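Asks: The chain contents come next:
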Amino acid sequence: MEANTHTRTLASSCLICHGNGTVQHAAIPGLAALDEAYFIKKMQIFRNSADEHAVMVQHAKGLSEEEIQQLAKYFSEQRRACPVAKKKSFREMNQAE
Amino acid sequence: MNRRLFLKSGMAGLGMLVLPSLAATNSNASLGHVVIIGAGFGGATAARYLRMWSEGRIKVTLIELRPEFISCPVSNRILAGAADINTITHSYKTLRDLYGVSVIKGQASRIDPERKEVHVNEERIGYDRLIVATGIDFDYSRLPMLNAEIQATHIPHAWKAGPQTLLLKGQLRTLPDGGIVGITIPQVPYRCPPGPYERACQIAFYLKQHNPRAKLLVFDGNPAITSKRPLFERAWHELYPNIVEYLPSSGIENLDTTSLGLATTFGNYKLDVLNLIPPQTAGRLTLETGLASDARPWCDVNFLNYASGKIPGIHLLGDAVDAMTPKSAHIATSQAKVCASAIIAELAGEAVDPAPVFANTCYSFVDDKQAVHVANVYRYDAKDHDMRPAPGGGISAISSIVEGIHADIWAANIWADVLG
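Chains as they are written, first to last, in our numbering: chain A, 1 to 97; chain B, 1001 to 1420.
For reference, chain A alone in the conformation it holds in the complex (with noise of 0.2 Å):
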């Protein structure tokens, strides 16, 4: 297996809200290919905040160090695809002009 299994596992869990790797609803960021500092650092933040009723501070808490590390290094890694174009895409609007 190329991904650690244990870590493969939690950040799959994590496409529920977060979705697949595409950017089609920005109130809930995508995780693929974030970078993997950006990444640690927002944990943290989460991690250390006071606000007991927010959803990612509640699941930030629950993780491990190691866990939020590996989960960065891991959601680096990924490629992060475009969505579907649903109106004409650049190079139709130049042929176009």
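Take the hints with a grain of salt, since some may be wrong.
Said to hold, decoys possible - Partial list, derived from the structure: chain B residues whose beta carbon lies under 10 Å from chain A:
1) 1349
2) 1351
3) 1389
As the list claims (entries may be wrong) - What follows is a list of derived Cβ distance ranges for each label pair:
4) A:65 with B:1382: 18 to 28 Å
5) A:4 with B:1242: 53 to 63 Å
6) B:1234 with A:38: 32 to 42 Å
Read the hints as simulated data drawn from the structure, not as lab findings. If you're wondering where the values come from, they're calculated on a predicted model, not measured in any experiment. Quick reminder that beta carbons are idealized off the backbone N, C-alpha and C, glycines included.
Assemble the complex: chain A is given as a structure, and chain B must be docked to it using the hints.
Replies: Just chain B, lined up with the frame of chain A:
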């Protein structure tokens, strides 16, 4: 199929979930055949992730009676008119065509653990591993006046989404002016702990708009609201103060299924619409096969691979599992991923994760736009051999439109994760 799978995956661009090239694999590298009974959140997720994570080396057969996937999450919103049946109905086409899962439409009638066979549509299908993900069935043993036919025609449970949801919706729309609606909630454990209370909000929202003199009586078999309690209490108090009446510790003593006269622990009521959510057990097939725990109608498993504690070669997923975790869709998908990962490792002779960890997030709508959540990480406890809540979990402070938006995204993403 493999070639098609390979070609399509190259174009699909599924980010981290990109299917690996199957060009290098051949039938000699096959790790075995996994048969899955039930294509709900647990079963369908197991099918997809077994194919994806084994890189096509595991053959997967998925047996499901329903032609399409119908989601219980979001189904309550149909009662309010905030969603329709198409919103929650999804195809198995991607699992079949892109992931190469063999989907058989039919009812598995028998499991033969000795021969490692499942009986379906007059056929016998052999397996190396079997996953049973058949969800819940209803227990009428203490409600002798009730049966499946009565529930199908005029006292809906609407606890398996689809025609039942539409039956209840239709009854609410023909409720007499100022009529009385009742919901009965069974004692825990049951599928989707916050579901009945979200349903009360959705029915009350509809009544407030269309039949404001009507009443909704919530007869709870439990001593208090079992999930997101302060949030539902506040919603009923602030949004539906003249509509919702909550009656805790209300067991059903008697019911006239014709007149809808209901006798509970505390009184007699005459209802115009009754949504009776019966007590539940693991699916009948699991009980008939002998997969239930010794004294409980739920199935004990090894939480490292979801193998049955009773019969070797069989795994169990979802609401049927006897667990500390809530019987939620997110939990069912997480269990499926732990199970899929472990089956692949075992069939390949590799080590299984000795301490799985996963998350659960669950949203409930309190009106047409605002939602609330409960969130928790669950961690394997090697001492108790169970999944236990990690520190930090909890619920929303208040309901909000922002969480309503999050809930809609959750739904879109979980359906995409389960079905591809």
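Asks: The structure should be examined with respect to each hint, and the outcome stated for every one.
Replies: Evaluated hints:
1. 1349: 12 Å, violated
2. 1351: 8 Å, holds
3. 1389: Where the cut-off is 10 Å and the nearest Cβ of chain A is about 8 Å from residue 1389 of chain B, the hint holds.
4. A:65 with B:1382: 18 to 28 Å: Given a distance of about 20 Å, which is inside 18 to 28 Å, the answer is holds.
5. A:4 with B:1242: 53 to 63 Å: 55 Å, holds
6. B:1234 with A:38: 32 to 42 Å: Check passed, 36 Å falls within 32 to 42 Å.
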